[in-house]
Amino acid sequence: MADRTGGGDHFQVIVESGRFDGLSLVDQHRLVYDALAEPLADGTIHELRIKTKGLA
Amino acid sequence: MTELRDRIQTVVSDEPVALFMKGTPGFIMCGNSDRALRALRGAGAPVTAVNILPDPRIRQELSDISGWPTVPQVFIGGELVGGADIVEELAASGELEQKLEEALGPDYRQPQPEERVVDVLDV
Numbered sequence: 033m034a035d036r037t038g039g040g041d042h043f044q045v046i047v048e049s050g051r052f053d054g055l056s057l058v059d060q061h062r063l064v065y066d067a068l069a070e071p072l073a074d075g076t077i078h079e080l081r082i083k084t085k086g087l088a
Numbered sequence: 297m298t299e300l301r302d303r304i305q306t307v308v309s310d311e312p313v314a315l316f317m318k319g320t321p322g323f324i325m326c327g328n329s330d331r332a333l334r335a336l337r338g339a340g341a342p343v344t345a346v347n348i349l350p351d352p353r354i355r356q357e358l359s360d361i362s363g364w365p366t367v368p369q370v371f372i373g374g375e376l377v378g379g380a381d382i383v384e385e386l387a388a389s390g391e392l393e394q395k396l397e398e399a400l401g402p403d404y405r406q407p408q409p410e411e412r413v414v415d416v417l418d419v
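Protein chains in written order, with the working numbering: chain A, 33 to 88; chain B, 297 to 419.
No lab work stands behind these hints: they were computed from the structure.
Since no wrong hints were added, every one of them can be taken at face value.
List of simulated lysine-lysine pairs, DSS-like, C-alpha gap at most 25 Å: (1) B/K395 - A/K85; (2) A/K83 - B/K395; (3) B/K318 - B/K395; (4) A/K83 - B/K318.
Here chain B stands alone, though its shape is the one from the complex (with noise of 0.2 Å):
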């Protein structure tokens, strides 16, 4: 249990945009977590998501460490930006190309922006 704490607070303090979402950016298994992509990825965002699906002690885990109750959950230099309704707000008025540029430094936007999927259960 703790293991996969640390995993997850691993992800959240390591990964420059980490996105915990239901699904993955392949496969998006909620309407919100695909408003949350959608945001990162128009304003060209590295993003690294977790599948919080696969077990609900991931869902449980996260919402410890964050705080928030609801999923999607995004992440930028390790703080807490919001769910879904926060990130296309912020997306809509400039503000997070802006927070992604403080995290990230004025370079962040790639032609291609990676994106990863973390698996906290089997590291």
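Here chain A stands alone, though its shape is the one from the complex (with noise of 0.2 Å):
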């Protein structure tokens, strides 16, 4: 997880995980966002950028 511009609220996640093994690249970042929905929805989180990765 890396803050992008310092201020707190652009982050940027590379994630990797088994979980994300066979599924799009749509449904593997469905995952992240469903793991942030709350500071996503707050505006805690402004802007993210996500990488995701399987592990097969």
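Got two chains here, each in a separate frame; can you build the complex from them with the hints?
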């Protein structure tokens, strides 16, 4: 997890998980969005860049 | 409200490549919308753009339809492909062109790809 602008609300996450195996990128990113639903909804995270990777 | 939703759904379903963005291709209001548009242009996609900024309900209805929380959102052949990160990743790997070919046919590339802007508030 990296704070891209130093302002505390533009983040980049790189997530590697076996849960991504066999999923489309859309579904992989959905899992990340779901995990961060609250801070995304209340504006704590203004912008999020996502990079996902399966283990397979 | 439902009329707006129907118009958004129609763009998603009927346009070969739909980009919901902040601003328009001629006046881009967000770096991520710019990234998505550049990736699509690089792949020679005919883009139909919808500016979500004129009314917050557009963004709300769009996310209800797609289940995707952020903008931009790219749809090819009615299917959500993703946001800027995914479209860039697919463009880099060549999969974006592959998806475009599957949805639009092998001859989808135009010398000067068409770009249209659709206003979902006023049809």
